[in-house]
Amino acid sequence: MSDIALTTATAAPARRSRLSQSRLRSAWLFLTPMIVVLAVVAGWPLLRTIWFGFTDANLSDLSATQFIGLENYYSVYDGETYGLIVDPSWWNAVWNTIWFSAVSVSIETALGLIVALVLNANFRGRALVRAAVLIPWAIPTIVSAKMWGWMLHDQFGVLNDILMGIGLLSQPVAWTADPQTAMWAVVMVDVWKTTPFMALLILAGLQMLPADCYEAARVDGIHPVKVFFKVTLPLIRPAIMVAVIFRALDALRIFDLIYVLTSNSSDTMSMSVYARQQLVDFQEVGYGSAASTLLFLVIAALTIATITLGKVRLGGEMK
Amino acid sequence: MMRRSPLKTLGLYALVAAIVVFSVFPFYYAILSSFRSGSELFTVTYWPSSFDPSNYISVFAEQPFARNILNSVAVASVVVGLSLFLGVTAAYALARVSFRGRGVLLFTILSVSMFPQVAVLSGMFELIRLLGIYNSLPGLVLSNLILTLPFTVWVLTTFMRELPKELEEAAVVDGASSWVIVRHVFLPLMWPALVTTGLLAFIAAWNEFLFALTFTLSNDMRTVPVAIALITGASQHELPWGNIMAASVIVTVPLVVLVLIFQRKIVSGLTAGAVKG
Chain A
28 MSDIALTTAT AAPARRSRLS QSRLRSAWLF LTPMIVVLAV VAGWPLLRTI
78 WFGFTDANLS DLSATQFIGL ENYYSVYDGE TYGLIVDPSW WNAVWNTIWF
128 SAVSVSIETA LGLIVALVLN ANFRGRALVR AAVLIPWAIP TIVSAKMWGW
178 MLHDQFGVLN DILMGIGLLS QPVAWTADPQ TAMWAVVMVD VWKTTPFMAL
228 LILAGLQMLP ADCYEAARVD GIHPVKVFFK VTLPLIRPAI MVAVIFRALD
278 ALRIFDLIYV LTSNSSDTMS MSVYARQQLV DFQEVGYGSA ASTLLFLVIA
328 ALTIATITLG KVRLGGEMK
Chain B
9 MMRRSPLKTL GLYALVAAIV VFSVFPFYYA ILSSFRSGSE LFTVTYWPSS
59 FDPSNYISVF AEQPFARNIL NSVAVASVVV GLSLFLGVTA AYALARVSFR
109 GRGVLLFTIL SVSMFPQVAV LSGMFELIRL LGIYNSLPGL VLSNLILTLP
159 FTVWVLTTFM RELPKELEEA AVVDGASSWV IVRHVFLPLM WPALVTTGLL
209 AFIAAWNEFL FALTFTLSND MRTVPVAIAL ITGASQHELP WGNIMAASVI
259 VTVPLVVLVL IFQRKIVSGL TAGAVKG
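So the sequences go chain by chain: A and B.
The opening residue of the first sequence carries number 28 in our numbering; numbering runs sequentially from there.
The opening residue of the second sequence carries number 9 in our numbering; numbering runs sequentially from there.
Hints in this document: simulated from the structure, not taken from any laboratory.
All figures in this text were calculated on a predicted structure; none of them were measured in a lab.
Just a few of them, taken from the derived set where beta-carbon distance is under 7 Å, the chain A residues facing chain B:
#1 L51
#2 W177
#3 F282
#4 D283
#5 V287
Cβ atoms here follow ideal geometry from the backbone N, Cα and C, with glycine treated the same way.
In isolation and in its complexed conformation, chain B is listed as follows (with noise of 0.2 Å):
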């Protein structure tokens, strides 16, 4: 390896300390000002000084804020299900079965996965009152799939095309189903990019904002982006920031948790879904 001047390495440990804050600040300050309350808020500090829970008693107390954190948890553990089996069993077909139409099919769902969700917001909205699921789980699950429908089948392709033929050569000579070679050759291998792509997937639906804001409309339906966004106070230029910013941080300590401890699988999963694209 190269050696590295005193003063180059004093620069890069400079550039590296800046990337640092810019990137962790804005979550340090949520955090100080989540343990801050009354007039004590509304004094800008840098370094813990107080530690006042009560902004993250009353963020439950004053709204069905526990119930919003299942609602998520729901919902988006469902639509991750839903996904992966669709997915799994799609990307079979399209990655180890040639068949006409392949290409177009392909370039279909990747098309789809560049939706503006705006789109399709009043098709939707006229369909979940169709079906009679408007302002309900079901309602946000259905519209969900569409972020991570497309996503999911397109990563899981790219994999499965990765394997080597052999596997299957094998199973197929037994006489194996399709099935059964899914779900006793693939599978089993396939762990490693199904916990990816299905917390990618978490991700997105637990983020999902522009739906869950508008096919739900009490705040026992709500998820937890659209319960934040509309914590409102006695006015409106009077927002309870203590709380949101308490709320802000217990649906945010959760996700960085994840990606630290799946920080690799998370970054080969973007850049298979990106780069392959």
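Pulled out of the complex, with its shape left as it was, chain A reads as follows (with noise of 0.2 Å):
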């Protein structure tokens, strides 16, 4: 939507009096800060990022890093490979991560399609049940690992507590330590934390929808369900696309909480997991800065595919 302001905006009769002149210097000079600092903060880093990938780096001496090309991606010596790309660890990495994103996102999307209806609805004491809602957004990622790694324990925990009370479980389960379950314990702790997230940006879509052509559909005598998905769901699609594209993005780079609630365990190891392992543990920059770029390339690209064809669908949309 901006590049359509932004082209009617420049389209106007370029006339450069003096003062449009002055207005422009002195935009540069109030950009030229953050410009600065993005660049220093962003931009350097990630170059020196891709540039280790493509070196032997350690992390006890960077100094002595030497150019070795593609071998931190793949290298043949005897006969046998190295490299990220045959490398199995990393390759666990990435199914973990895509299987983390996929399911914990889908998850949310349906929980937070479902938070963002009641919400929608009108009952009492609906403001106190929005604040509650976001009290799993406000408590930090580390805090509500922490919280959950107590609420998952296998001796004392209160969900085997829970569970078995209800006669749904006969024996405690180690919920983060067994491969059978670690992966869906970090998916329940991440859909309790950020569903909230996507509900309120499904809920602002649907406090967007006209009401007339629910009266219209109420006085045809058409069924809610059937109202729901003929006429809300295709309505509220877009800002349920972006939300899902926004937690998809920020789940697959996931970190802290896999970090905090099962640790460096390979079941479930997502690749900034298994990145910072190589750099920091193993000390192995170049390897671990090579795992890094590929990451990046990953979101880049579907970043890039995103906006790209978000903006054909906005442009499409505007008349």
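With the hints in hand, could you dock these two chains into one complex?
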């Protein structure tokens, strides 16, 4: 949308008076500090990370770094292959991340939609409920990971107690340690933490819906379920898509929650956790940077695709 | 308004109750656990039965937790101040002045906010060591800017773009400089937006973990999330859960209070950042 506003602004008669010259100068003056800071904290470190990916850099002495080309990604020595793209633990991390993102974002979307619909209904104490829903979002990820770590404790955890109390479990489950359940434990905490965000974005979409089509549907006696699928869902689809994209980009880079809840366990290791383990714990800055670069490329590709597609869609909607 | 049948009303309230319990219970349970110590902590309970503040005392006694809180407050405040200052000036240029390359610049800023933090980790590590600010608060301020700055610029730009054009025209005719326009025309109107973005930036910096974990070494330089994540007991399998819960409650209560007070502003800020993205 911004770009449409932009073209009309620049297409306006470009009479370059002295006034607008000085405006332009001060605009750049205002922009420079921000651009410099972003270049220093984002641009430069990113370029260095990509560069390190082509070197044998080690954390103990970064000055002794040597260029080794693509060896961090792929190399062959005496018929043996090395490098990220033949490293099973890297692919395990990739698979974990994709599985986690797909499952958690799907559940969050479904739950977020339900919560948004409920919050959009009229009932007493709605403001209070909306405030309560924000609590998980406000709690720092680390804290929620610890809170849930305690609730999921295999011996003293309240979740086992509840599930055994209502007869769903016959014996305690070691949620975060058992390979069968560890990833589900991560998904559970993530769903708890981020469903509010999803719900709020969808709710914002719901509140912009025109009331008259509901009125018409009601007069015609159309079943509410049908109205939901035929009217509501198509109309709030853009809002849902934006929320899904934001959450998906966030889920793909997940680090904090997994690191705290299950540590460096390979059952739940995400791409970010893998990269940091190589970088810091194993001091393999070169190899870890190569992994970070791959993660960056995945997310960059997704972002660019999203923004380009989003622009096309938004442009199409503008009359 | 439509009248609902009693059955539907019951269903709605059941759903509402489920949502509230699901949202609040973990926090409630953490508060409950934080006031129980000794062997009592290791029995499950659902209602407050005792009030033992010893966890709250030991969390401060066993590690420099007060120092960690101060660190977090200092880092987050400076980060918010810097981001807002750089954000307002940049947003003025991006929203009110048309120039070549504006679209590209906005696009770049938006994509920086999508960066995975780990993608800049090794480069940032090198930079921080080069500047001699490893294991210090300035290092954390510097690295946190990557999280807060793009977002601040983006939200403030969308906000400033919506202000009417006539606002600055009079000032321009009077020959006011851009700096004067920003300070005296826009800033007074922008308080709501500044509070919202500042709050969101504060929460982002307060919660930041990866940089704080990687760029600090000693206990008294750590921020709260790292301190909580690294609380350990006598052995790895005997985590002092009471202390951890007490620390969690201490750092969460102010945030929850803030969020409840500024609920509406936060919601509008989040949706402005996302929907218009």
